[in-house]
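Engineer: Bring the two chains, given one by one in their own frames, into a single complex with the hints.
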Amino acid sequence: MSGSSEVRAGPGPRARMLLHVGLIAALLLVPVLFHEHLFLLRLFVQMFLGATVLMGFLVILGFSKQFSLAQVAIYGIGAYIAANLTATLGVSFVPAMLISGLVAGLVGALIAIPGARFVGPWLALVTFAFAEIVRILMARLKPLTGGAVGFRNIPRPEIFGYRFTGEADYYYLFLAMALLAYFVTLRFRNSPQGRIALAIGDNPDIAASLGVNVFRHRIFAFFIGSMLAGFAGAAFAAYATYISPESFGLAHTIHYLTMLVVGGLESIPGALLAVIFFTFSHNQLMALHPWDLILDGFIILLFMNVMPRGLGGLASDLWHRRSGKRPEIKAEAAS
Amino acid sequence: MSALLEVRDVQVRFGGVRAVDGVSFDVPAGSISGLIGPNGSGKTSTFNLITGFYSASAGNIDFAGKAIAGRAPHEIARLGIVRTFQNVALQPERTVLENVMLGLYCNRPNLWWDLFDGRRSRQDEQRASEIIEFCGLSQHRASLSRNVPVGLRHTAELARALAASPKLLLLDEPWAGLNTAESAALIRTVRRIRDTGVTVLIVEHNMKVIMEICDKITVLDAGRRIADGSPAQVRADPAVIQSYLGTAGH
Numbered sequence: 019m020s021g022s023s024e025v026r027a028g029p030g031p032r033a034r035m036l037l038h039v040g041l042i043a044a045l046l047l048v049p050v051l052f053h054e055h056l057f058l059l060r061l062f063v064q065m066f067l068g069a070t071v072l073m074g075f076l077v078i079l080g081f082s083k084q085f086s087l088a089q090v091a092i093y094g095i096g097a098y099i100a101a102n103l104t105a106t107l108g109v110s111f112v113p114a115m116l117i118s119g120l121v122a123g124l125v126g127a128l129i130a131i132p133g134a135r136f137v138g139p140w141l142a143l144v145t146f147a148f149a150e151i152v153r154i155l156m157a158r159l160k161p162l163t164g165g166a167v168g169f170r171n172i173p174r175p176e177i178f179g180y181r182f183t184g185e186a187d188y189y190y191l192f193l194a195m196a197l198l199a200y201f202v203t204l205r206f207r208n209s210p211q212g213r214i215a216l217a218i219g220d221n222p223d224i225a226a227s228l229g230v231n232v233f234r235h236r237i238f239a240f241f242i243g244s245m246l247a248g249f250a251g252a253a254f255a256a257y258a259t260y261i262s263p264e265s266f267g268l269a270h271t272i273h274y275l276t277m278l279v280v281g282g283l284e285s286i287p288g289a290l291l292a293v294i295f296f297t298f299s300h301n302q303l304m305a306l307h308p309w310d311l312i313l314d315g316f317i318i319l320l321f322m323n324v325m326p327r328g329l330g331g332l333a334s335d336l337w338h339r340r341s342g343k344r345p346e347i348k349a350e351a352a353s
Numbered sequence: 498m499s500a501l502l503e504v505r506d507v508q509v510r511f512g513g514v515r516a517v518d519g520v521s522f523d524v525p526a527g528s529i530s531g532l533i534g535p536n537g538s539g540k541t542s543t544f545n546l547i548t549g550f551y552s553a554s555a556g557n558i559d560f561a562g563k564a565i566a567g568r569a570p571h572e573i574a575r576l577g578i579v580r581t582f583q584n585v586a587l588q589p590e591r592t593v594l595e596n597v598m599l600g601l602y603c604n605r606p607n608l609w610w611d612l613f614d615g616r617r618s619r620q621d622e623q624r625a626s627e628i629i630e631f632c633g634l635s636q637h638r639a640s641l642s643r644n645v646p647v648g649l650r651h652t653a654e655l656a657r658a659l660a661a662s663p664k665l666l667l668l669d670e671p672w673a674g675l676n677t678a679e680s681a682a683l684i685r686t687v688r689r690i691r692d693t694g695v696t697v698l699i700v701e702h703n704m705k706v707i708m709e710i711c712d713k714i715t716v717l718d719a720g721r722r723i724a725d726g727s728p729a730q731v732r733a734d735p736a737v738i739q740s741y742l743g744t745a746g747h
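Residue numbers (our numbering), protein chains in the order written: chain A, 19 to 353; chain B, 498 to 747.
One chain only, chain B, in its complex shape (with noise of 0.2 Å):
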């Protein structure tokens, strides 16, 4: 598999602290990839370099091919990188389907026809309906998002991305919080998004999850990369262990 987004060397410094120092990865096309550590070890960091929210102070970010470390957020987004929050961002007062339909506007080149068009409005409400069956939320669909089950806030952050047809979705803890049946529920639902061209990177703290649902693992600790493979070669590697057990080795 050729590699989607390709990582490298990148920084992150916060005054003295080097939240992300130096990491390279590679996100393969059609996968679903991973990226794990413990708490501060610049995941979330990560993710808001490669979207635009963060700028690097070092290193390189290519997706498909282009170099995009230094674009603006919606610049980015408009490319096809898309991504949910660690802190649920819904907005809390609009209904499901208006939340998702915020997306479906990303890549639409001309808003201002909209005005005037009622039509254009009603296939909207229509594709982003489906996104919103398509990820299993019908029953909530006319629901304020402050009213949606927290199980479920993380799926309709999900179903917004989806709106905005990514090439690549990067979802931030979406298992935080979930119980077994709604985790079991997500995961189908990654899956099935996988199945439809997409690509997945997740950052996630429920190992379970993680070794399940990942074709690639890439692990930091203290903003540098400890490991990076297979589900099976990151458990069995001794720096990870290390890091996630403290003691072993010594």
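The following block holds chain A by itself, in its conformation from the complex (with noise of 0.2 Å):
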């Protein structure tokens, strides 16, 4: 998927390749070889739900710095669309999850433009309310959300009449779901569209400088985060069946903002570790505990002081170390 070896620093094309399709494969083999151990297949469908959020997030926040604390409440957006156009509208589940997707990514982008005017901090406060904003009306609007008790009764996918049954059918199409967002940010990451989005993190100065529209492209930004957390919802829904406003609270989107950390901030690898180590270790995606809250406080407390890099700056670090590219102090004369 990208384009070599240099621009960036990493293994090489080949090595990638085959790195993707081993795990693929392994991934794919889950639900042949622990078809009855129900927990675990259930704990993997977390982990792909909790990737395709978290994939879309490191878009937002990782790539081009734009500090959201409106993912969750733009999942959750998803979700509820998902769940009236498949239960009240009868909508089938493929179309229902697409517009759900374009939808959550509209209104990603609608917040990103008054949001894009601010920056840091004060969009952290914009997206906060907003995302308050959003609880409330799932609580409130009862017609729409079914109140704070929840929207019950949403159907379960049914794909070009296949209907949807076992925990296996679900693994299938959350990991279908979470490689699309696994790709579409990688791809994202490797076009000048992502190296722009970065450019923008790093120093929005330095991109205007080079004919950039800072403006347009934190929009970009956020419609296509938002558009996988919208994709997210709608499968949540169909998955869980039930959806209630406790599971969109700002609670959540902290408890991915600490992956986020735990990962690098801006690394694909490293945002997909820090998925796979908080799906196992806490299976806490769905409901958070108090306890959870905390230990998330600390894990970013120390994070941010030992690591501030997280595991993808380590792994960056290593492999500098190992590839001998810091190169020596001397002047290049040029010829």
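Fair warning: there could be bad hints in the mix.
Said to hold, decoys possible - To be clear about the criterion: a stretch of chain B counts as covered by chain A if any three or more of its residues have a C-beta under 8 Å from a C-beta of chain A, and this derived list gives those stretches:
hint, segment
1, 560–571
2, 575–585
3, 589–598
4, 718–726
Stated by the list, open to error - Every beta carbon over 10 Å from chain B, so not counted as near; a handful from chain A, in silico:
hint, residue
5, Leu228
6, Ala269
7, Gly315
Everything labelled a hint here was simulated from the structure, so no lab data went into it. Just so you know, these numbers come straight off a predicted model, no measurement behind them. Backbone N, C-alpha and C fix where the C-beta goes; we use that ideal spot for every residue, glycine too.
Structural biologist: See the structure below:
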């Protein structure tokens, strides 16, 4: 998916390809080998779900450094839209998921329009306010959301006549979604759009001085990241068959933020490692215990102090040390 | 030579302070021009004005016959004025190649297709590599820019600016902190850039370099223009001597 090995540090294209094929093959085999371990399959489903939301968050906060606290609220919007489309209007799962993703993306872009005028902590405040409004609306707009008790009886997905029944069905659906989110994010990262997003995150003045319309690209990053969250929300609604506002509170966004910090804020493999670690250590992507938040706080403090560039930064440093890319300090005369 | 850039009576105010106070000068097409003056004389402010980072409280700036004062920085960059920064502004955690590739996107009309187009991406790498080689940085192409020797960082920024295909290149103190060999290499690079048809405007404190490389020099002091002309004219100008030495003429 990436251009060549030389643009960025890391293993070469062939090694990456092998790693991808090997991991995907292993993931495809999990339900075959462990079809009786429902709990394990559930964990994997949660992991794929978390990875999809987190890839979106990575594009917004990790790449373009837009400090959004609205990611889970947007994920929730996707879930409620899909619930209404499938349960109330009888739309089938695939179009409902596409619509939910697109609408969530547009909502994200709409927040980004005033948001792009704010930066750093100010954007955090704006998106925090947005997330709270969404949470309150979820509890109050009873006809659309079921109110505080939640939205029940969301139909299970049916794709091209195949009706979802067991855990393994969901496993493959969520795996496909997570892989899509992963490859979209990877492709974005290695495209001009992604380099521009990273440049805006590093220093918007650099980007502007090179002809980048910073405002427009901030909105675009928000759109992509929110769309992924919307897809995840739609899939979650169809999986849980019941959704309520408590799954979409600010605490969950903080939980994802913790994962980004652990992963190194802008590293795709780092974020994936963090999702794996958090899923299998907590089993808490759907409902968070107060202790989880206290733990999140400690993890953020720990990483910010000990390893501010996270797992991704650690991997990058190790790579540069190993491959000896640190150049000797001497002037190079131009030929 | 006709003027590529015409700056007319521009003014920048910060509260009551006039950082740039009615400055006018021309940058002839195809020239290497210099903008010099003591610290605080308004050189970088003038750069920020030309590139749209500051807005002028008065005055006009014409670039290739178009009025550009008041336009946004990215619009000005797309018209063909690209700058480097006084405090080197590379992306430290990206490779030199990635930094330079960023410049290539400046004039690309539609970036959407590039999301799917891997071949375009390889062409970009190729083009960026050529520019890196042109600037004598091939050895550091795959290094993270935070690992590039300090003396070459401004050159890396210059390479990134070149990738944006500028008509006018603004360099903000590129010779600061360079040793003799690096300095000579950069002089050669800037001349070769000019020879490809790019006009260059330089803010610089290193008088030796400025006198050697520039066709035309504008001198600022306390936000005003005090002299303008060839290096020989400027060097002999009593106002310049007084500004730099403080006591001449008394």
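Engineer: Looking back at the numbered hints, which does the structure fail to meet, lowest number first?
Structural biologist: 4 and 5
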